[in-house]
Amino acid sequence: MELLRLEGLSKRYIGTQALDAVDMTIEAGQVLCLAGANGSGKSTLMKCIAGGETPDSGRIIWQGRAFDRLTPAQSMALGIEIIYQDLSIFTDLTVAENIAFHVVQSQHRGWINWSEVDRIAAKALNELGADLPLRARLGDLPIGARQTAAIARALTQDCRLLVMDEPTTALPSRDVAQLLSMVHRLKSRGMAIIFISHKLDELFEIADRFYVLRDGRKIGEYAPAELTTTRLSYLMTGIEFKGDKAPQEFDRAAAPLLVVENLCRRDQYHDVSFSLRPGEIVGFAGLTGSGRTEIALTLFGLNPADAGKMTLAGLQLRPRSPREAIGNGIALVSEDRHGQGLFARKAIMTNIASSIFERSKGRLGLLSQAKERDIGDTWIRKVRVKTPSGEEPVQSLSGGNQQKVVLAKWLAADPKILILDNPTAGIDVGSKMEIHDIVRQLARQGRGVIMISDDLEELVMSCNRVFMMQAGRLAAEFSGETLTVEALSGELRQAS
Amino acid sequence: MMPQGNGKTAETGETNKTGLLPRLLGQGIGHQSGLSLLAFLIIVYVIMVALRSPDFLSLASLFDLIRSGAAWTVVALGVLVVMVSGGIDVSFLANAILSAYVATMITKWTGLDSLVFALVVAMALGAFVGAINGLIISLFSLPTLITTLAMQGVIQGVLMVFLDARPITAGNMPVSLRYFGTDVLFEFPDGPGYVGLSVFVVPLVLAVVATWYLLNRTAIGRATYAIGSNRLAALRCGVNLLKVNLVIYAYAGALAGLMGVMMVSDIRLVDPVTLVGNELIVLAAVVIGGAKLSGGAGSVSGVLLGMTLVTLLNNTLVTIGLSASWNRFFIGCALVLIASISHYRTKMRNLRQLNFENV
Numbered sequence: 001m002e003l004l005r006l007e008g009l010s011k012r013y014i015g016t017q018a019l020d021a022v023d024m025t026i027e028a029g030q031v032l033c034l035a036g037a038n039g040s041g042k043s044t045l046m047k048c049i050a051g052g053e054t055p056d057s058g059r060i061i062w063q064g065r066a067f068d069r070l071t072p073a074q075s076m077a078l079g080i081e082i083i084y085q086d087l088s089i090f091t092d093l094t095v096a097e098n099i100a101f102h103v104v105q106s107q108h109r110g111w112i113n114w115s116e117v118d119r120i121a122a123k124a125l126n127e128l129g130a131d132l133p134l135r136a137r138l139g140d141l142p143i144g145a146r147q148t149a150a151i152a153r154a155l156t157q158d159c160r161l162l163v164m165d166e167p168t169t170a171l172p173s174r175d176v177a178q179l180l181s182m183v184h185r186l187k188s189r190g191m192a193i194i195f196i197s198h199k200l201d202e203l204f205e206i207a208d209r210f211y212v213l214r215d216g217r218k219i220g221e222y223a224p225a226e227l228t229t230t231r232l233s234y235l236m237t238g239i240e241f242k243g244d245k246a247p248q249e250f251d252r253a254a255a256p257l258l259v260v261e262n263l264c265r266r267d268q269y270h271d272v273s274f275s276l277r278p279g280e281i282v283g284f285a286g287l288t289g290s291g292r293t294e295i296a297l298t299l300f301g302l303n304p305a306d307a308g309k310m311t312l313a314g315l316q317l318r319p320r321s322p323r324e325a326i327g328n329g330i331a332l333v334s335e336d337r338h339g340q341g342l343f344a345r346k347a348i349m350t351n352i353a354s355s356i357f358e359r360s361k362g363r364l365g366l367l368s369q370a371k372e373r374d375i376g377d378t379w380i381r382k383v384r385v386k387t388p389s390g391e392e393p394v395q396s397l398s399g400g401n402q403q404k405v406v407l408a409k410w411l412a413a414d415p416k417i418l419i420l421d422n423p424t425a426g427i428d429v430g431s432k433m434e435i436h437d438i439v440r441q442l443a444r445q446g447r448g449v450i451m452i453s454d455d456l457e458e459l460v461m462s463c464n465r466v467f468m469m470q471a472g473r474l475a476a477e478f479s480g481e482t483l484t485v486e487a488l489s490g491e492l493r494q495a496s
Numbered sequence: 001m002m003p004q005g006n007g008k009t010a011e012t013g014e015t016n017k018t019g020l021l022p023r024l025l026g027q028g029i030g031h032q033s034g035l036s037l038l039a040f041l042i043i044v045y046v047i048m049v050a051l052r053s054p055d056f057l058s059l060a061s062l063f064d065l066i067r068s069g070a071a072w073t074v075v076a077l078g079v080l081v082v083m084v085s086g087g088i089d090v091s092f093l094a095n096a097i098l099s100a101y102v103a104t105m106i107t108k109w110t111g112l113d114s115l116v117f118a119l120v121v122a123m124a125l126g127a128f129v130g131a132i133n134g135l136i137i138s139l140f141s142l143p144t145l146i147t148t149l150a151m152q153g154v155i156q157g158v159l160m161v162f163l164d165a166r167p168i169t170a171g172n173m174p175v176s177l178r179y180f181g182t183d184v185l186f187e188f189p190d191g192p193g194y195v196g197l198s199v200f201v202v203p204l205v206l207a208v209v210a211t212w213y214l215l216n217r218t219a220i221g222r223a224t225y226a227i228g229s230n231r232l233a234a235l236r237c238g239v240n241l242l243k244v245n246l247v248i249y250a251y252a253g254a255l256a257g258l259m260g261v262m263m264v265s266d267i268r269l270v271d272p273v274t275l276v277g278n279e280l281i282v283l284a285a286v287v288i289g290g291a292k293l294s295g296g297a298g299s300v301s302g303v304l305l306g307m308t309l310v311t312l313l314n315n316t317l318v319t320i321g322l323s324a325s326w327n328r329f330f331i332g333c334a335l336v337l338i339a340s341i342s343h344y345r346t347k348m349r350n351l352r353q354l355n356f357e358n359v
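Each protein sequence line maps, in turn, to chains A and B. The opening position of the first sequence corresponds to residue 1 in our numbering, with each subsequent residue numbered one higher. The opening position of the second sequence corresponds to residue 1 in our numbering, with each subsequent residue numbered one higher.
The following block holds chain A by itself, in its conformation from the complex:
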């Protein structure tokens, strides 16, 4: 049964055609995976469906009723629910209240019956087959639970079409499977789902149909059987990617840059030892909570170790703050771009130069705009940020380009060791390859790189060695011939 049809939807912003005569149909009980690079028009398309964005031309047809545009209230009333990437939840309210929020706010009587709130929440969670403590403050629960609450909230509104915008990007890998099973459950009950994600392999797990969008145009619709991840990447970007291993050569005889010996931190990791040579890229795989990020944070001075020894270029390393770590030449790029201190509204060049205020000083010790622009322009070129000028605000960039600015910001400080924690999470496949290229270049210049990732293919393609972490220990090491996606995923399955 056809639920929603878009006919010739177009939207033009100044300078770009965000949507160009896009047609789309969605049927009840179907999972449609919307694939496209950053800036392909996915968000604009979503906004048109969610209401709030007025298409320049085209029609939105919901079960036979045609609309030129939808308001957010109309869209909700039709049974369209959007789960935004930031989840749009209220961390200060309880689980039950978050879930029942729409119901409470749309009731006209104005007063609240709390036992009814609990009942509504319990019912929605039950439909999802999930269990959450209703009276807990949502902000006290982990990200997976928050996402469940956001989905449950959508269910309270007689939802017919659920749009999920990158629901798994911020999700620890063990929660992803549960999310996908929820999607299956909803689908089997006749709900239509539009699923947006950059993690191509999980798309194949749930997709009934793929819909590929590039530069605002529909490229085509495909059954999963017609596609492979490589083919899908090509359709999304128009660029052929070789998924080959391309490990960086480095001098195996060189003295190690970083030596970690018997590092321990209670409840997080135990007896971790490894070394990193100049030019080497060492990967860490494992589940969230296995200790990978925890070790990275220790190196970056945020999570001091209880015991063990770290040596950087022959000198004892014991950073107690990120400031000290940066001073020692260690940089950390985490997946959370917003928590990285990118000043979203400031110019790109200001952001890049912000890690090295010292060097952008002019006479009298005041910041010099000319020097800032110099540093900014150099790095924008080096990491290939797509922007008309360094003076554009960071928020005008797509996710992939923002992540490049984060990289540039840390690289401008010329670190000896670069730690990357899920550096390409939520980034489209084109920007991803570019980032991998940049990382290899950096290693070639004699830096040591530690790469933590949920994306096994990314690790296999970039790393010289990969450690599998399990319950806080280095459970296995893979390199050369043994380093394959199959080997890693086999080990990971055992771990979980």
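The hints are simulated quantities; they were obtained by calculation from the structure and are not laboratory data. Some hints could be false.
[As the list claims (entries may be wrong)] BS3-like, lysine-lysine: derived pairs with alpha carbons at most 30 angstroms apart:
1) A:K346 x A:K382
2) B:K347 x A:K309
3) A:K309 x A:K416
4) A:K346 x A:K309
5) A:K199 x A:K371
6) A:K346 x B:K243
7) A:K371 x A:K309
8) A:K199 x A:K218
9) A:K416 x A:K386
10) A:K416 x A:K346
11) A:K47 x B:K243
12) B:K292 x A:K309
Using the hints provided, position chain B relative to the given structure of chain A.
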């Protein structure tokens, strides 16, 4: 999805091994235990005072505390509602004195010497001024501090320039207001004289119940928490920001009007230049009671405890041999203490999720 597994290991792991301080302050405690700490501070202080002067533990002291704290608590409840929404109102005392002044003048001119009439006029005017705050804030998306600061100035200007306000002394005040300030609900003999419970307890209780109901039992109240917690999400969920702002700022204004009448009746003087300047003490009391400046948190019980502490300090510092000037010093200390604890709790919570935002 995963809270059972993950949440539990993290928590049991820490409660067993961490030190006393984290256990007291950091573990999975929400708002309630912050308040129990505040209640504990108050009890310790009361015991200290009682040791110095055993007479203190009496019904007379309690009644005195209620009488002197009532008006301030009423206005603090309005401040709380605004703060829960993530806003901040600094116009409430100017609003209070304007409302009280106009109500007194109208009562005198019309000759309708009735307390109810004066209260209705004051609260209506207060609500009107508050609604203007709410309107400006919503329509122009202005920062609430700036808007209400401007409103404070405008109100004082109106009082001084347009109304040419002069102090009204007790002799010229409507009789009903003078009685309001001294009436008691009931009294009983105590030593040579009588002690009685001021009628101020009636508006106090009404304001407490109304605010509690507004915040916890109405859709607008919950929308207020939602806006304070995540404004963008609230908008996406279809919360009508204009409506909520109008209601909460008008509500805060109405309570300011009520407080104004209570104040002038209490001190038996309508002076257009009193009150203003004490805003920060009220804000401090609300924050001590667990409200967050960023919004989303705060409770009526918290305000009651915060105001109790502030009023206690005000009333009793002399009893323990310190001059009243120490008042602000101690309020400042309490504020720093409570704010630090709240920060520490957020930090511990974030650390458990490997989030280093406020380290």
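Status of each hint after checking the structure:
1. At most 30 angstroms may separate the alpha-carbon atoms for a hinted pair to count; K346 of chain A and K382 of chain A meet this at roughly 20 angstroms.
2. Taking the CA atoms of K347 of chain B and K309 of chain A, the gap is about 27 angstroms. The hint holds against a cut of 30 angstroms.
3. Pair hint K309 of chain A plus K416 of chain A holds up; C-alpha atoms about 18 angstroms apart against a cutoff of 30 angstroms.
4. Restraint check: the Cα-Cα separation between K346 of chain A and K309 of chain A comes to about 39 angstroms, which exceeds 30 angstroms; the hinted pair is violated.
5. Using a Cα cut-off of 30 angstroms, the hinted pair K199 of chain A and K371 of chain A is violated, with the two alpha carbons roughly 39 angstroms apart.
6. The straight-line distance between the Cα atoms of K346 of chain A and K243 of chain B is roughly 33 angstroms, outside the 30 angstroms bound, and the hint therefore fails.
7. Straight-line distance between C-alpha atoms of K371 of chain A and K309 of chain A comes to about 39 angstroms, which puts the hinted pair past the 30 angstroms bound.
8. Taking the CA atoms of K199 of chain A and K218 of chain A, the gap is near 20 angstroms; set against the 30 angstroms cutoff, the hint holds.
9. A C-alpha spacing of about 26 angstroms is found between K416 of chain A and K386 of chain A, which places the hinted pair at or below 30 angstroms, so the restraint holds.
10. This hinted pair checks out: K416 of chain A and K346 of chain A have alpha carbons roughly 27 angstroms apart, not beyond 30 angstroms.
11. Distance check on the hinted pair: K47 of chain A and K243 of chain B sit about 25 angstroms apart at the alpha-carbon level, within 30 angstroms; holds.
12. Proposed proximity of K292 of chain B and K309 of chain A is contradicted: the alpha carbons are some 41 angstroms apart, above 30 angstroms.
Against the hints set out earlier in the document, violations occur for numbers 4, 5, 6, 7 and 12.
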